[in-house]
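First to last, the protein sequences are chains A and B.
Take the first sequence: its position 213, counting from 1, is numbered 212 in numbering that gives the first Met the number 0, and each next residue is one higher.
Take the second sequence: its position 108, counting from 1, is numbered 107 in numbering that gives the first Met the number 0, and each next residue is one higher.
I should point out that these hints are in silico values taken from the structure, not numbers from a laboratory.
Treat the hints with care, as some may be off.
[Claimed, not checked] Below, simulated DSSO-like cross-link-like pairs (lysine-lysine); rule was C-alpha separation at most 30 Å, straight line: (1) B/K284 x A/K128; (2) B/K167 x A/K38; (3) B/K102 x B/K235; (4) B/K128 x B/K235; (5) A/K46 x B/K102; (6) A/K283 x B/K288; (7) B/K46 x A/K283; (8) B/K192 x B/K169; (9) B/K46 x A/K288; (10) B/K217 x A/K128; (11) A/K354 x A/K217; (12) A/K46 x B/K283; (13) A/K38 x B/K166; (14) A/K283 x B/K38; (15) B/K167 x B/K217; (16) A/K38 x B/K283; (17) A/K156 x A/K192; (18) A/K111 x B/K288; (19) A/K46 x B/K288; (20) B/K288 x A/K288; (21) B/K284 x A/K111; (22) A/K46 x B/K192; (23) A/K192 x A/K169; (24) A/K128 x A/K46; (25) A/K283 x B/K166; (26) B/K192 x A/K38; (27) B/K38 x A/K284; (28) B/K111 x A/K128; (29) B/K166 x B/K102; (30) A/K217 x A/K284; (31) A/K288 x B/K235; (32) A/K284 x B/K166; (33) A/K111 x B/K283; (34) A/K288 x B/K283; (35) A/K235 x A/K111; (36) B/K111 x B/K46; (37) A/K38 x B/K46; (38) B/K128 x A/K284.
There are 2 protein chains.
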Amino acid sequence: MDFEITTRDGAARRGVIRTPRGAINTPSFMPVGTLGTVKAMSPDELKALGAEIILGNTYHLYLRPGLDVISQLGGLHRFMGWDRPILTDSGGFQVFSLSAFRKISADGVQFKSHIDGSYHFIGPAEAMKIQEVLGSDIAMVFDECIPYPSTHDYAAKSVDVTTEWAKKCKELQNPGQALFGIVQGGMYKDLRKRSTEDLLAMEFDGYAVGGVSVGEPKEEMHEIIYFNAPLLPQEKPRYLMGIGDFVDMLNAVDAGFDMFDCIMPTSNARHGTMFTSFGRVSIKKSGFKYDNGPLDPACGCYTCRNYSRGYLRHLFLAREILSMRLNTLHNLYFYQDFFRQMRHSIEEGSFQRFKDHWYPIFDRCQADQD
Amino acid sequence: MDFEITTRDGAARRGVIRTPRGAINTPSFMPVGTLGTVKAMSPDELKALGAEIILGNTYHLYLRPGLDVISQLGGLHRFMGWDRPILTDSGGFQVFSLSAFRKISADGVQFKSHIDGSYHFIGPAEAMKIQEVLGSDIAMVFDECIPYPSTHDYAAKSVDVTTEWAKKCKELQNPGQALFGIVQGGMYKDLRKRSTEDLLAMEFDGYAVGGVSVGEPKEEMHEIIYFNAPLLPQEKPRYLMGIGDFVDMLNAVDAGFDMFDCIMPTSNARHGTMFTSFGRVSIKKSGFKYDNGPLDPACGCYTCRNYSRGYLRHLFLAREILSMRLNTLHNLYFYQDFFRQMRHSIEEGSFQRFKDHWYPIFDRCQADQD
Chain A
0 MDFEITTRDG
10 AARRGVIRTP
20 RGAINTPSFM
30 PVGTLGTVKA
40 MSPDELKALG
50 AEIILGNTYH
60 LYLRPGLDVI
70 SQLGGLHRFM
80 GWDRPILTDS
90 GGFQVFSLSA
100 FRKISADGVQ
110 FKSHIDGSYH
120 FIGPAEAMKI
130 QEVLGSDIAM
140 VFDECIPYPS
150 THDYAAKSVD
160 VTTEWAKKCK
170 ELQNPGQALF
180 GIVQGGMYKD
190 LRKRSTEDLL
200 AMEFDGYAVG
210 GVSVGEPKEE
220 MHEIIYFNAP
230 LLPQEKPRYL
240 MGIGDFVDML
250 NAVDAGFDMF
260 DCIMPTSNAR
270 HGTMFTSFGR
280 VSIKKSGFKY
290 DNGPLDPACG
300 CYTCRNYSRG
310 YLRHLFLARE
320 ILSMRLNTLH
330 NLYFYQDFFR
340 QMRHSIEEGS
350 FQRFKDHWYP
360 IFDRCQADQD
Chain B
0 MDFEITTRDG
10 AARRGVIRTP
20 RGAINTPSFM
30 PVGTLGTVKA
40 MSPDELKALG
50 AEIILGNTYH
60 LYLRPGLDVI
70 SQLGGLHRFM
80 GWDRPILTDS
90 GGFQVFSLSA
100 FRKISADGVQ
110 FKSHIDGSYH
120 FIGPAEAMKI
130 QEVLGSDIAM
140 VFDECIPYPS
150 THDYAAKSVD
160 VTTEWAKKCK
170 ELQNPGQALF
180 GIVQGGMYKD
190 LRKRSTEDLL
200 AMEFDGYAVG
210 GVSVGEPKEE
220 MHEIIYFNAP
230 LLPQEKPRYL
240 MGIGDFVDML
250 NAVDAGFDMF
260 DCIMPTSNAR
270 HGTMFTSFGR
280 VSIKKSGFKY
290 DNGPLDPACG
300 CYTCRNYSRG
310 YLRHLFLARE
320 ILSMRLNTLH
330 NLYFYQDFFR
340 QMRHSIEEGS
350 FQRFKDHWYP
360 IFDRCQADQD
């Protein structure tokens with residue numbers, strides 16, 4: 000894996016990550032393919048709307064269909080028919096957010112499956128092994144993601160654990176697979192600094208900031224974003240994990256982040272919330288009932304080119320599968336197009352104008368990430 | 000509308016229905032688009048897999064989204080983005096099969112919506128009006144579809160009602176829209192004959208046989224199929240309504256029917272039952288868990304060209320939307336390909352060989368139409 004920054008605009012960076020499976024233009028948004036499919040989409044559609052990399056969830060794939068199946072069927076790329084890059088998370092976040100029971104030891108975490116209640120164990124060694132079988136292009140270290148709020152004492156101990164686990168993962172890095180470290184430390188700047196320094200000593204291929212958007216106020220999140228970014232090395236990709244809100248992403252790119260992932264576009268689409276050039280809108284809106292126009296006249300996606308607001312509203316109310324398809328396709332296209340325009344603005348040195356344009360459009364809609 | 004028979008093989012007919020929106024090669028299978036979408040499919044996909052005509056349900060579309068919406072949004076074709084022919088049923092079958100309450104009078108049927116319990120009235124005049132708004136290429140007369148079993152007395156009275164309603168529909172035929180009569184009469188040959196003669200006197204553009212596959216044994220159904228087909232005029236399309244089982248369709252084409260519709264391929268796909276060159280198969284089959292081969296090695300559809308049985312099994316078990324898409328796409332392709340091959344066999348004078356090949360493959364699976 001190779002990373003090149005081609006243009007800067009303030010702290011914002013326009014770059015390219017080159018992998019054997021293809022290039023990723025940054026800033027980049029990664030659609031989430033939890034269970035070996037980006038929900039409602041085919042790989043062809045993802046390519047057509049411009050996705051250059053997708054994210055796979057280690058925790059979910061480990062439980063379903065299981066490593067035996069993915070191994071037998073040739074790894075995650077071949078299994079799901081996606082030949083562009085895949086980044087896999089390490090399972091850490093889901094172990095802490097989804098499983099009912101978990102017991103942390105120095106070696107990892109014992110947890111109960113959210114599907115059938117069976118017991119499993121994932122630590123740094125297991126996370127690296129699973130990601131080897133999945134065959135992702137970029138793997139993530141196994142980390143502890145602490146809740147908000149946490150005490151300084153707990154957060155400090157957690158940083159130590161995350162550092163130890165990161166070391167172990169680095170030792171076990173799989174050949175041909177990039178590995179990113181994950182900065183933790185909650186909302187404590189001294190701990191964020193310490194976690195960052197711990198990881199920098201290990202020389203990862205890229206650096207992620209985790210543990211944000213875990214329930215903290217937006218102001219605190221933005222402060223951590225702006226604090227943590229400049230601590231990371233200029234020459235490596237910087238990934239802000241799990242963030243897909245436009246206001247957050249605008250701040251993060253402004254601070255110097257390069258990569259994002261979130262279920263927001265896909266999950267919202269299935270629930271009828273659409274992202275448009277005039278902000279968020281519910282497809283259920285009664286005003287759309289007889290509306291023959293496209294959802295977003297400024298959008299060039301398949302959905303907006305071919306279907307009316309009235310039809311999309313009907314499909315959603317009738318719970319048709321095509322509703323989830325067309326909505327997801329639009330939202331993912333909107334995200335990719337937003338990032339394409341954002342990259343262009345950095346190239347042209349007009350990122351601040353870009354940010355000033357979009358910030359108020361999405362600023363009012365902070366609450367309902369789902 | 001124009002119908003031409005190009006080849007015969009015994010009683011089986013190879014023909015073409017020509018409409019301003021395109022040609023329909025017969026024998027033809029029409030995928031069902033109940034609510035303005037063939038479930039899980041886009042119009043582009045339907046075209047790619049070879050569908051030349053689809054069916055829309057008057058009853059469903061009348062209730063949701065309602066005629067006001069479809070009228071405002073330019074008719075059913077424009078509403079759903081399908082520019083090839085559409086046949087609409089008259090609502091008769093659903094009024095009798097779906098609504099909890101119904102009261103028949105000379106003018107039509109009062110019924111309760113299966114969605115919200117509201118009261119509605121559809122008779123021949125309303126059915127023709129609704130189909131005018133929908134703007135289908137082929138409309139159906141409003142008929143009474145009686146349950147199985149029914150007494151000869153009740154069935155006879157029902158034939159009289161259906162004949163009266165057919166007359167009314169014929170008087171109200173919409174300009175530019177073909178209209179098919181529907182033969183009823185239950186399992187009574189004398190009534191089938193009377194109903195057929197009543198309709199022939201009205202000179203419809205095509206003739207349908209309704210009231211089969213309503214719970215009767217297969218043998219009775221096949222007897223009615225073979226009895227009723229030769230009573231219909233040679234020069235008009237013959238449509239056997241609601242039949243999608245391969246054994247039934249093979250018999251019906253053998254008897255001289257030209258058109259079919261059924262939810263079998265789409266509904267079964269969503270429930271994981273797939274139609275293949277080696278018969279029906281459940282995608283859940285545990286033997287598919289590690290299977291890297293295509294669902295049907297003999298199939299050229301997008302699903303079989305790109306995905307493994309193991310992946311399809313996983314998607315189904317994880318209840319992913321892509322599962323319903325890929326399964327539906329395969330089943331509909333399989334149906335279209337089956338009909339393409341069947342038409343070819345008639346052209347070559349080898350329909351009996353075609354029938355003898357497929358009959359045993361699907362004969363064992365009669366029970367579970369859904």
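Structure-based check of all given hints:
{"no.": "1", "hint": "B/K284 x A/K128", "in the structure": "holds, 29 Å"}
{"no.": "2", "hint": "B/K167 x A/K38", "in the structure": "violated, 49 Å"}
{"no.": "3", "hint": "B/K102 x B/K235", "in the structure": "violated, 34 Å"}
{"no.": "4", "hint": "B/K128 x B/K235", "in the structure": "holds, 24 Å"}
{"no.": "5", "hint": "A/K46 x B/K102", "in the structure": "violated, 54 Å"}
{"no.": "6", "hint": "A/K283 x B/K288", "in the structure": "violated, 39 Å"}
{"no.": "7", "hint": "B/K46 x A/K283", "in the structure": "holds, 29 Å"}
{"no.": "8", "hint": "B/K192 x B/K169", "in the structure": "holds, 20 Å"}
{"no.": "9", "hint": "B/K46 x A/K288", "in the structure": "holds, 28 Å"}
{"no.": "10", "hint": "B/K217 x A/K128", "in the structure": "violated, 56 Å"}
{"no.": "11", "hint": "A/K354 x A/K217", "in the structure": "holds, 17 Å"}
{"no.": "12", "hint": "A/K46 x B/K283", "in the structure": "holds, 29 Å"}
{"no.": "13", "hint": "A/K38 x B/K166", "in the structure": "violated, 50 Å"}
{"no.": "14", "hint": "A/K283 x B/K38", "in the structure": "holds, 20 Å"}
{"no.": "15", "hint": "B/K167 x B/K217", "in the structure": "violated, 33 Å"}
{"no.": "16", "hint": "A/K38 x B/K283", "in the structure": "holds, 20 Å"}
{"no.": "17", "hint": "A/K156 x A/K192", "in the structure": "holds, 14 Å"}
{"no.": "18", "hint": "A/K111 x B/K288", "in the structure": "holds, 24 Å"}
{"no.": "19", "hint": "A/K46 x B/K288", "in the structure": "holds, 28 Å"}
{"no.": "20", "hint": "B/K288 x A/K288", "in the structure": "violated, 45 Å"}
{"no.": "21", "hint": "B/K284 x A/K111", "in the structure": "holds, 27 Å"}
{"no.": "22", "hint": "A/K46 x B/K192", "in the structure": "violated, 58 Å"}
{"no.": "23", "hint": "A/K192 x A/K169", "in the structure": "holds, 20 Å"}
{"no.": "24", "hint": "A/K128 x A/K46", "in the structure": "holds, 29 Å"}
{"no.": "25", "hint": "A/K283 x B/K166", "in the structure": "violated, 42 Å"}
{"no.": "26", "hint": "B/K192 x A/K38", "in the structure": "violated, 53 Å"}
{"no.": "27", "hint": "B/K38 x A/K284", "in the structure": "holds, 23 Å"}
{"no.": "28", "hint": "B/K111 x A/K128", "in the structure": "violated, 59 Å"}
{"no.": "29", "hint": "B/K166 x B/K102", "in the structure": "holds, 21 Å"}
{"no.": "30", "hint": "A/K217 x A/K284", "in the structure": "holds, 28 Å"}
{"no.": "31", "hint": "A/K288 x B/K235", "in the structure": "violated, 40 Å"}
{"no.": "32", "hint": "A/K284 x B/K166", "in the structure": "violated, 43 Å"}
{"no.": "33", "hint": "A/K111 x B/K283", "in the structure": "holds, 25 Å"}
{"no.": "34", "hint": "A/K288 x B/K283", "in the structure": "violated, 39 Å"}
{"no.": "35", "hint": "A/K235 x A/K111", "in the structure": "violated, 36 Å"}
{"no.": "36", "hint": "B/K111 x B/K46", "in the structure": "violated, 36 Å"}
{"no.": "37", "hint": "A/K38 x B/K46", "in the structure": "holds, 24 Å"}
{"no.": "38", "hint": "B/K128 x A/K284", "in the structure": "holds, 29 Å"}
Checked against the numbered hints above, the structure breaks hints 2, 3, 5, 6, 10, 13, 15, 20, 22, 25, 26, 28, 31, 32, 34, 35 and 36 and satisfies the rest.
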